[in-house]
Amino acid sequence: MSTDTDTDYDVAKGDSVHPGKPVMVDRYTGGARINHWITATSLVLLALSGLSLFHPRLFFLSALFGGGQAVRAIHPWIGVILFFSFLGLFLRFWKLNLWKREDGTWLARVRDVLTAHDERLPEVGKYNAGQKLVFWSMSILIIVLITSGLVIWDQYFAAYTTIEQKRWALLVHSIAAILAISVWITHVYAAIWVKGTIRGMVRGSVTGGWAWRYHRKWLRELVAKPPAGVPTEDKKRTAAE
Amino acid sequence: MFPPVPNPTTGPQSPKFGEKDLMRRSASTVRPPAERQTEVAKLIDVSKCIGCKACQSACIEWNDTHPEIEENTGVFENPHDLTSEMFTLMRFTEWENPETDNLEWLIRKDGCMHCEDPGCLKACPAPGAIVQYSNGIVDFVHENCIGCGYCIKGCPFNIPRISPVDHTAYKCTLCSDRIAVGQGPACAKACPTQAIVFGTKEEMKKHAEGRITDLKSRGFANAGLYDPPGVGGTHVMYVLHHADKPEIYAGLPNNPTISPIVEAWKGVTKYAGLAVMGVAAVTGFLHYMVNGPNRVSEEDEEAAERLTGDRSS
Ligand code: HEM
Ligand code: SF4
Ligand code: SF4
Ligand code: SF4
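Chains as they are written, first to last, in our numbering: chain V, 170 to 410; chain G, 61 to 373.
From chain G, some residues computed to sit far from chain V (all C-beta separations above 10 Å):
1) 158
2) 262
3) 274
4) 281
5) 282
6) 289
7) 292
Example chain G residues on the side facing chain V (calculated, C-beta under 8 Å, incomplete):
8) 185
9) 206
10) 218
11) 341
12) 347
13) 348
14) 360
15) 361
16) 363
17) 364
18) 368
Think of the hints as simulated: they come from the structure by calculation, not from any bench.
Here the structure is a predicted model, which means the values were calculated and not measured.
The C-beta atom is built at its ideal place from N, Cα and C for all residues, glycine as well.
The following block holds chain G by itself, in its conformation from the complex (with noise of 0.2 Å):
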């Protein structure tokens, strides 16, 4: 048992993080701040989670969102995808596990795992619609949004989503402004069977490793850590029975990376691309500074002159 976050105090607090804590800004350069707060990480345990969808509905009762109803296809994934009203979604795997013969039915929480190296926030256009603190939560500032969808290009876990409504990008927040008081995120505090808890990077970790060893020891010898190193490390984890392979959780990618395309677009492309245009307009300046303009003589009009009278004679 993990000790749950406690409840909160009645008395109004000031936020225990903000602009001061940014360490990074979309499409801007901030200085990071001289002292990183403590870490935060949600670890998601998915061999304990029995799929009740409890944290779901926290979230939509927290965040205030309003997922439309949807057409039953015959399957547990409720709404159908994650949207700009969805921002956690319970994904269901019925996987039969070639070594034991069993089915296994794998449940794994979807939704933004604040990345270390966060892929929307390097792919986002508009300054600070995107932003990161120093304790981990990358966030998204709807002001500043311009509703592009580039962070979806971004992101190696298709998790933005843009609103039809008022056209920006919304994903979950890690609650960032239940933590900014000292709260855990609303999941959390849902979740029956503390297959979701909150607490600092380390602590999850550490919380992690236990729940691995309990999992080894019951004959799931490949069980760990989702904690991918690609985009340095997630603020949210999950502890797969399964950790060598990712995908059979509804396609977690195995080792995710911000795609090289999007690096390239956004790196040598931009720089590149400045120097090309600034290159042209400059020659022509240059060209017209050393050789002037190029002007029609009045021989060229007289022999015009005489090319057409030719003609009317």
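For reference, chain V alone in the conformation it holds in the complex (with noise of 0.2 Å):
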């Protein structure tokens, strides 16, 4: 694979610069932060729904949703949403996520990571290291819970399955909900950490600041593509593939 298509990779439809005082960047597109905020919106409710009846002490949190026989009734079905708008941010992104070389060298440099040292990071395309995984696990953790989360939903699939195999999805639910919550307290945590993050999926759009700091390389193709409305031979070529 040249770098020349490998650098394609890194800018998704819909992204581009505007040059001024500040220079701003398009990043999300309308249609990619409504996605966003269904997926998110249902995760958390499963979050709470998935929690009242993880331990009892969080069974308290049922209230929300009108009682224990309604988070029973109403949980899958927000799994259901979940999935299918996951879904939907995964075939928008699973592009943009692929391993880069440079991802590796990022990673070894966690330390300068956590202490915001980001002139010591090599450039990184649309999104780092970081983002990446917490995009993978994501991808592999909510299939694992809408597999298991089907097995246990008796309601409408009881008889599909043995009680020995429900057994066994239980657990797997459990600690995939576990896991899920946990990579997603790390996301919430990076994007109120790192200012000016959040904006890019509420308004859509980041300083030039951010993306020279945090996705130089990203910035650095969006700068070097040829601006919107101008077809040029590269424009073309893109638009080809």
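Dock the two chains into a complex; use the hints.
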């Protein structure tokens, strides 16, 4: 694979740079943002409703949904929404999350990551190694959760599996849920810690400085890309792919 | 002949056990009563059962359930399985005894065993949906049940069933409402052969001993009592002519215990899980406290302007 095609992966449709003071960079389209927030809402509702069954101390959370019976009925349906919604995000972002050479270096310097010495890190594309790990672990965990969740969805699927299989599914589902919630905590924390990130998902754009500091390779590629609307040889080639 | 439970008096009576006698309550911590009530038990002597199903009818009548009328598929089980409307079921097995070459017709009355260590209660996530009284009765409390079906996975005997109507779990109550006022279970009352008897657990064990001696004298060398220690003993016990192989009685488990998967799910997973999520949250909080936010600097913005400026020129 040549480095040329490699770089194309780091830019998504709709990403573009608007020169000015400050420079603004479009990072997420309206569709991507709606998709993300549906996923986020369902994940939070799933975590809250699931946790209410997970430990007696957390059973009070079921009141948020109108009681235990309601939690039992609604949790798996939210799971179905989450699955399809996440599938949308997956199809949008999987290419941008493929592992690249610089990701290993980035990860090896996790100490600099955590102490905000971003200048010591290699330039990365639209996503850094941490974000890619969140992406792939969530993808795997959600597949595990929907699979085990269907096995223990007794209201409709009780007849399809044995009790022994359902016991395993419950154990797997609760462990996967713990991991998913922990990954989610990390994901949200990173967004809070790195200022200017949340507006990317709320308003769709980030400042040029933000892109320069955290995703310089992505910014460089965007700048190298001809401005939208001006067809050039380069643009035609990308479109044909 | 075991002395039958006396007929009820007509005057009102106050219940002999209740909230204050709870030994266990699902998803809750209760302080067990200082003094335990005498343990009760139902003894089912499989060797005496004639398969008349009077017990099933009595159960339906007392509990006012309405099992669905099903198709006859050429077997004796009726209905075909325990349901949320059928708390007890006669299970029939035709077994060829390899030693005697005799065909033996084994009839076992299936239903909740009222385990001393109930797996259903251990698995239940809803506070107070399953309770265990100090006399050994395990009871489902429907207004607290959320219908999740975890009890089904917890039970080593495959007993509870979820009602498709009210989405709560049902099983034999050991007629706790009758026992509370000094009566015996409806099935025991109805049984014409005294294959079902009811009394204190001690009495039942003693009565079983007599039955087992009798069976042994008639050539059933392996006759014995089924009171499985793996679940701490049960408050419904069987006299079996072949106690060395309980599984021939329509799959009665040999040495049942709460599944290790359920123990792991309800034990270490809960503590480790809460710890992992807690650590993730606390680590984030401390990291922020120590390092503060990660902000974009003026220089970063200027660098971006220079980069884009290059392009527009
Ligand atoms: C993706 C599809 C999902 C399906 C179909 C599903 C289904 C289920 C079902 C059927 C149960 C049993 C209780 C009930 O009937 O409500 C359950 C329990 C649970 N779910 Fe899910 N779920 C899904 C996703 C999730 C997610 C994403 C999380 C957390 C982020 C989660 C967390 C939990 C937890 C903590 C429990 C309780 C387990 C326990 O009691 O140990 N679930 N789920
Ligand atoms: S279905 Fe079973 S485990 Fe679930 S709440 Fe009801 S009694 Fe408890
Ligand atoms: S037999 Fe099953 S339902 Fe009955 S007490 Fe034991 S575990 Fe619970
Ligand atoms: S009533 Fe007695 S004899 Fe008749 S089926 Fe029930 S246990 Fe057997």
